[in-house]
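So the sequence lines, in the order shown, correspond to chains A and B. In terms of this note's numbering, the first sequence opens at residue 1 and continues consecutively. In terms of this note's numbering, the second sequence opens at residue 1 and continues consecutively.
Read the hints as simulated data drawn from the structure, not as lab findings. Worth double-checking, as some hints may not be accurate.
[Claimed, not checked] Per label pair, the in silico range of CB-to-CB distance:
| no. | chain 1 | residue 1 | chain 2 | residue 2 | range |
| --- | --- | --- | --- | --- | --- |
| 1 | A | TYR62 | B | ASP522 | 52 to 60 Å |
| 2 | A | GLY66 | B | ASP522 | 52 to 60 Å |
| 3 | B | ASP249 | A | LEU200 | 55 to 63 Å |
| 4 | A | ILE73 | B | ASP172 | 23 to 31 Å |
Values in this document were obtained by computation on a predicted structure and should not be read as measured data. C-beta: ideal position from N, C-alpha, C; glycine also.
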Amino acid sequence: MLAYIVRRLLWTPVLLLAVSAIVFALGHYGPGDPVEIQLGQHYTEEQADRLRESRGLNDPIYEQYGRYVWNAIQGDFGESFKFQGRDVAELLGPKLKVSAQLFLAASVITIGLGVPLGFYTALKQGTWLDPAIVSGSLALNAMPVFLTAPFLIMFFAIKLEWIPVAGWGGFFDTRIILPALTIGLPGVAVFTRIMRSSTLDVLGEDYVRTARAKGVHEFVVNYRHVARIALIPILTLVGFSLSGLLGGALIVELIYGVPGVGRFTLDSLFARDFPVIMAVSLIGAASLVIANLVVDILYSVVDPRIRYQ
Amino acid sequence: MLRKLIAPGLGLALSMVLIGALACGGGDSDDEATDDSDVAAGTSDEPSDSSSGIEISPALGGNPTAEPSERSRTEGDKYGGTLLLLGGDPPTLDPALVSDTSSARIVLELFSGLVRLDQNLKIVPDLAETWEMSDDFTVYTFTLRSDARFSDGSPVLASDFKYAMERAAHPDTESTVAELYLGDIVGIQEIIDGDGSVTTASGIEVLDDQTLRFTIDAPKPYFLAKLTYPTAFALRQSNVESGGSLWTDNPVGSGPFILEKYDIGVQMILARNENYYDRPAYLDRVQINLAGGGAMQQYETDEIDITGVGLSDLDRVQDPNDALNRDLVSVPPGFTTSYLGFNVEEPPLNDLKFRQALAHAIDKDEIAEAVFSGLVLPARGVLPPQFPGFNADLQPLEFDVAKAQQLLAESSYPSLSDRDKRIEITTQGTGASPSLSIVAMADMWSRHLGVEVEIQLVEFATYLQDLHRNRLQAYFAGWEADYPDPQDWIDILFHSESPRNDGNYSNPEVDRLVEKARTEQDVIRRTELYQQAEQMIVNDVAWIPVWWDTQGLALIKERVQDYNFQPMTIEIFKDVWIQE
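One chain only, chain A, in its complex shape:
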């Protein structure tokens, strides 16, 4: 087990190196020049060249990349192009914190609704509740955020005036509710479906019938014998849903004015702020790798049949 974890961890830097090389090359060879964007309407070639020189953009790409990797290893992700004089780490830190909290809140909604609903529909298989809940959650899943976000704002913020439209006040502030719902609700369907089918599988197992035959109380059967086992596939989903952190949060943060990493990344992309783009890509890749590793480890904890060599 330990050897497995170490091996996985050793692969992580290799993966990050590959990701960084790809992103770096895309930035370098792709269209758009950060210097031109910053200089705006008026500039002379000499000015542009001076700025490129001072940022090392005139050096051969392998030199630039080598320098980046060397600095990054030492924990220095460079200075933002756009926010002159500011370290990328200093800029990204608070935004990551915000996005992480939003992601956590969204996950609470997705999992907190999806898993019980899935379990419940499985138990109610054959009644009208089963198709009603499943199709209801699928409808939510089918709605793009462009639709759900304005609707939620219209209803809760403007009509009912319960919650402010935009802004951020931390995890325990009401303003987190709407963006968390917007990100979280579509995922409910996925968890409902997986939990439902996984519960149905377990319900058909011999040991469940045995437990019932022994006269174990229905409540205990459902929650101790069925639910715990049915939860295993959910773990996989949790790991994957992390990848939605950046993608999903991007637009939602924009709409609700959440000062997270999503909106910042978008702005940085348009400004060709390479140091920021690089750092975001690396953080995204690293968190995905680590989340999946954690899930793999949890597997072996909850399911004794799984052993890693």
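We have chain A; now place chain B onto it with these hints.
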């Protein structure tokens, strides 16, 4: 004498950007998220950034219904309150580095210089009490106010200006604007071009604590105007050197406000500078939400006090029965011309008659009415109305289908077989569909001339790069004035040697006229030179100017008084007050 020189409006304001340009990087993208892509600049941008007009009617400032009580108020009653705004992160708060409007609008509140633009965009004294010029217009001597103070209470001295300007020019500062705004001063160019060892400019002399003398390289009518730009603002050396590159987290300036709090991407709070030399600002605070979100929705829930109105909300806010209608104000336009540019070296656009045919085939009135609900004005020439040097007598290429068809027949590319491919118009945008106005033009060419068009929509950074490399055949863009001088358009965009002549337009006569205008001291003569050049440019169809912004719409809460929308970014929060 001074007045005469500057009165025709050679006031210089802040470097603005191509429409929608730095806006992406700034914070105006929140507007883009909610507004139609076809919204004219004046309606979609934040009002304080670019909505504008030279003549500002008094009614625009506050709500007319509140006027009587305003008059009965005493000065003291006006104090207090917080103005709530939505904005974007300023890329910098360092006056030496300011090159965009979102930075400028904050820096102008925190710092100040010798002269400033007042609400009529005239140059007026700020920290300078008086100034005089030598007879040959190359030496300017300023006398500072004796009561000028930094926000920490220390006096502003002549040496603080010398320090600030020489620092702005120093290569280590990496200012992209120092050359443009300070380069006329003798010795500044040497600092900029130097390796860092040259640190002083002989053209800036400190005669005593209160007296500062500039020597410039040639008589330039616009030099004084350039001193209104932040690169020439006073800085306290100990403040700048205390904080490394992040000294702007705790800036000590001489403007009407101080920076109370700044969380990047979250919020900025400006507070009244109690040490300001003049009447302190009425507002306790200006709180700017930097995290974005829907502007209109935030306005409706009282989270912000001011918002621009996009085309999608137009019908609603113009409905007298809608609650928002009460707050609606019309904001005068920014100095912007939206145009179709041509690379005049690429066939078939290298043929003058072909270009003229294209120009005559566009019905600009139809575009203004059908696409923009009359919120824009069909453009006749390059310079927008009310801009210094605007020529009301300019002869435009009118919409005339018969003439267009005749010109096409006379051109080298009369029929489809002579033009092997479609004309490609590139424009910047990341939406799904291009601006309706371009589609309309393409349709007019197709219907009247049989000229087919392909519209390319590219993301801004790509667009900018291709444009500057002269890779585009035709491009649709907007040019917004950096400073109120025709030189900013006619010379910079059309002189054959100009780096911003993106269409390779070259007319020796135009070159001759704008070169002459560069040093022409007589304002009337200078204007004539630019107007002659402009007429040639229109006749040569280097551009097809399509529309000018005429007015934008904004919503402003009833409680906000004396907020004056401006055509350019100037310091404006000092006079605003809140009626609770």
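Hint-by-hint comparison with the structure:
1. Range check, TYR62(A) to ASP522(B): Cβ separation about 58 Å, and the 52 to 60 Å hint holds.
2. Under the hint 52 to 60 Å, the C-beta atoms of GLY66(A) and ASP522(B), about 59 Å apart, fit the expected range.
3. Restraint check, ASP249(B) to LEU200(A): a C-beta distance of roughly 58 Å satisfies the suggested window 55 to 63 Å.
4. Here the CB-CB span from ILE73(A) to ASP172(B) is close to 28 Å, well matched to the stated 23 to 31 Å.
The structure meets every hint from the earlier list without exception.
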